[in-house]
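Put together the whole structure using the sequences plus the hints.
First residue of the sequence shown? That's 1 in full-length UniProt numbering, and the numbers climb one at a time after it.
Check each hint, because a few of them may be wrong.
The calculated BS3-like cross-link candidates involving lysine-lysine, where the alpha carbons are at most 25 Å apart (straight line), are [to be verified]:
id, residue 1, residue 2
1, 14, 54
2, 61, 25
3, 37, 14
4, 83, 25
5, 37, 61
6, 61, 14
7, 37, 25
8, 83, 37
9, 25, 14
10, 83, 54
Here are the computed distance ranges between Cβ atoms for each label pair [what the hints assert, rightly or not]:
id, residue 1, residue 2, range
11, 15, 75, 18 to 24 Å
12, 1, 36, 35 to 41 Å
13, 103, 14, 26 to 32 Å
14, 3, 61, 26 to 32 Å
15, 81, 31, 28 to 34 Å
16, 35, 97, 25 to 31 Å
17, 83, 5, 26 to 32 Å
18, 36, 83, 29 to 35 Å
19, 33, 95, 17 to 23 Å
20, 105, 19, 18 to 24 Å
The hints are simulated quantities; they were obtained by calculation from the structure and are not laboratory data. Each residue gets a CB set at the ideal place from its N, CA and C atoms; glycine is no exception.
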Amino acid sequence: MRIGCDLVYLPRVKERIAEAVLTDKERLDMASRPEGKRLEFLAGRFAAKEAVMKAYGVGMKGMLFTEIEVSYDAHGAPYATYKGQRIAISISHDGDYAYAVAIIG
1 MRIGCDLVYL
11 PRVKERIAEA
21 VLTDKERLDM
31 ASRPEGKRLE
41 FLAGRFAAKE
51 AVMKAYGVGM
61 KGMLFTEIEV
71 SYDAHGAPYA
81 TYKGQRIAIS
91 ISHDGDYAYA
101 VAIIG
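Structure (C-alpha coordinates):
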(Lines of atoms letter the chains of each structure in order from A; the text may use other names.)
(Lines give C-alpha, C1' and ligand atoms only; values in the text may rest on other atoms or scores of the structure.)
Protein backbone atom coordinates (compact mmCIF):
# COMPACT_ATOMS: atom_id res chain seq x y z
CA MET A 1 0.00 0.00 0.00
CA ARG A 2 1.24 3.49 -0.84
CA ILE A 3 -0.08 6.77 0.54
CA GLY A 4 0.33 10.32 -0.73
CA CYS A 5 -0.97 13.59 0.67
CA ASP A 6 -0.90 17.25 -0.30
CA LEU A 7 -1.90 20.58 1.22
CA VAL A 8 -2.72 23.60 -0.96
CA TYR A 9 -2.98 27.21 0.21
CA LEU A 10 -5.95 28.65 -1.73
CA PRO A 11 -4.63 32.24 -2.14
CA ARG A 12 -1.74 30.82 -4.21
CA VAL A 13 -4.10 29.09 -6.67
CA LYS A 14 -4.98 30.99 -9.84
CA GLU A 15 -7.88 30.01 -12.11
CA ARG A 16 -5.59 30.13 -15.16
CA ILE A 17 -3.91 26.86 -14.09
CA ALA A 18 -7.17 24.97 -14.67
CA GLU A 19 -6.18 24.22 -18.28
CA ALA A 20 -2.98 22.47 -17.16
CA VAL A 21 -4.47 20.71 -14.13
CA LEU A 22 -8.03 19.68 -15.02
CA THR A 23 -9.41 17.28 -17.61
CA ASP A 24 -12.17 18.51 -19.93
CA LYS A 25 -14.79 16.84 -17.71
CA GLU A 26 -13.34 18.45 -14.58
CA ARG A 27 -13.28 21.90 -16.22
CA LEU A 28 -17.00 21.52 -17.02
CA ASP A 29 -17.62 20.48 -13.41
CA MET A 30 -15.70 23.54 -12.17
CA ALA A 31 -17.62 25.86 -14.52
CA SER A 32 -20.92 24.57 -13.10
CA ARG A 33 -19.92 25.63 -9.57
CA PRO A 34 -20.81 29.02 -8.10
CA GLU A 35 -18.07 31.51 -8.95
CA GLY A 36 -17.02 31.80 -5.30
CA LYS A 37 -16.41 28.04 -5.09
CA ARG A 38 -14.37 27.53 -8.26
CA LEU A 39 -10.93 28.18 -6.78
CA GLU A 40 -11.77 25.89 -3.86
CA PHE A 41 -12.74 23.19 -6.38
CA LEU A 42 -9.52 23.73 -8.37
CA ALA A 43 -7.35 23.67 -5.25
CA GLY A 44 -8.99 20.43 -4.12
CA ARG A 45 -8.34 18.79 -7.49
CA PHE A 46 -4.76 20.05 -7.52
CA ALA A 47 -4.19 18.62 -4.02
CA ALA A 48 -5.81 15.30 -4.97
CA LYS A 49 -3.71 14.91 -8.10
CA GLU A 50 -0.51 15.84 -6.25
CA ALA A 51 -1.42 13.25 -3.59
CA VAL A 52 -1.85 10.61 -6.32
CA MET A 53 1.54 11.53 -7.82
CA LYS A 54 3.18 11.29 -4.40
CA ALA A 55 1.54 7.92 -3.73
CA TYR A 56 3.03 6.65 -6.99
CA GLY A 57 6.37 8.11 -5.89
CA VAL A 58 6.94 10.14 -9.03
CA GLY A 59 5.84 13.65 -8.13
CA MET A 60 5.18 15.93 -11.08
CA LYS A 61 8.05 14.49 -13.11
CA GLY A 62 6.44 11.21 -14.11
CA MET A 63 2.78 12.12 -14.67
CA LEU A 64 0.66 14.86 -16.16
CA PHE A 65 -2.12 16.35 -14.06
CA THR A 66 -4.53 15.77 -16.93
CA GLU A 67 -3.76 12.02 -16.91
CA ILE A 68 -5.46 11.83 -13.51
CA GLU A 69 -9.20 12.42 -13.32
CA VAL A 70 -11.23 12.94 -10.16
CA SER A 71 -14.81 11.66 -10.23
CA TYR A 72 -17.51 10.73 -7.73
CA ASP A 73 -19.01 7.35 -6.93
CA ALA A 74 -22.75 6.70 -6.48
CA HIS A 75 -22.55 7.93 -2.88
CA GLY A 76 -20.78 11.18 -3.80
CA ALA A 77 -17.36 10.08 -2.53
CA PRO A 78 -14.44 11.22 -4.70
CA TYR A 79 -12.01 8.84 -6.35
CA ALA A 80 -9.25 9.29 -8.91
CA THR A 81 -8.51 7.34 -12.06
CA TYR A 82 -5.05 7.03 -13.61
CA LYS A 83 -4.53 4.84 -16.68
CA GLY A 84 -7.61 2.80 -15.83
CA GLN A 85 -6.66 2.27 -12.18
CA ARG A 86 -9.14 3.51 -9.58
CA ILE A 87 -7.48 5.23 -6.63
CA ALA A 88 -9.07 5.95 -3.26
CA ILE A 89 -8.84 9.64 -2.35
CA SER A 90 -10.23 12.03 0.21
CA ILE A 91 -10.44 15.79 -0.32
CA SER A 92 -11.10 18.25 2.49
CA HIS A 93 -11.33 22.03 2.72
CA ASP A 94 -10.82 24.26 5.75
CA GLY A 95 -10.60 28.01 5.44
CA ASP A 96 -7.77 28.89 3.06
CA TYR A 97 -6.59 25.30 2.66
CA ALA A 98 -7.44 22.25 0.58
CA TYR A 99 -6.04 18.89 1.66
CA ALA A 100 -6.09 15.53 -0.07
CA VAL A 101 -4.95 11.98 0.61
CA ALA A 102 -4.55 9.18 -1.95
CA ILE A 103 -4.19 5.48 -1.20
CA ILE A 104 -2.96 3.01 -3.81
CA GLY A 105 -3.15 -0.74 -3.31
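Status of each hint after checking the structure:
1. 14 to 54: holds (22 Å)
2. 61 to 25: holds (23 Å)
3. 37 to 14: holds (13 Å)
4. 83 to 25: holds (16 Å)
5. 37 to 61: violated (29 Å)
6. 61 to 14: holds (21 Å)
7. 37 to 25: The given pair, whose Cα atoms are some 17 Å apart, holds under the 25 Å limit.
8. 83 to 37: Judged against 25 Å, a Cα distance of about 29 Å means the pair is violated.
9. 25 to 14: holds (19 Å)
10. 83 to 54: holds (16 Å)
11. 15 to 75: 18 to 24 Å: Hint violated: Cβ distance 29 Å, outside 18 to 24 Å.
12. 1 to 36: 35 to 41 Å: holds (37 Å)
13. 103 to 14: 26 to 32 Å: Given about 29 Å between the Cβ atoms, the range holds.
14. 3 to 61: 26 to 32 Å: Once the Cβ atoms are compared, 19 Å apart, the range 26 to 32 Å for residue 61 and residue 3 is violated.
15. 81 to 31: 28 to 34 Å: Violated, since residue 81 and residue 31 (Cβ atoms, about 20 Å apart) do not stay within the stated range.
16. 35 to 97: 25 to 31 Å: Violated, since residue 35 and residue 97 (Cβ atoms, about 20 Å apart) do not stay within the stated range.
17. 83 to 5: 26 to 32 Å: At roughly 21 Å between Cβ atoms, residue 5 and residue 83 fall outside 26 to 32 Å, so the hint is violated.
18. 36 to 83: 29 to 35 Å: Between residue 36 and residue 83, where Cβ atoms are some 34 Å apart, the hint holds.
19. 33 to 95: 17 to 23 Å: holds (18 Å)
20. 105 to 19: 18 to 24 Å: violated (31 Å)
In summary, the numbered hints that this structure violates are 5, 8, 11, 14, 15, 16, 17 and 20.
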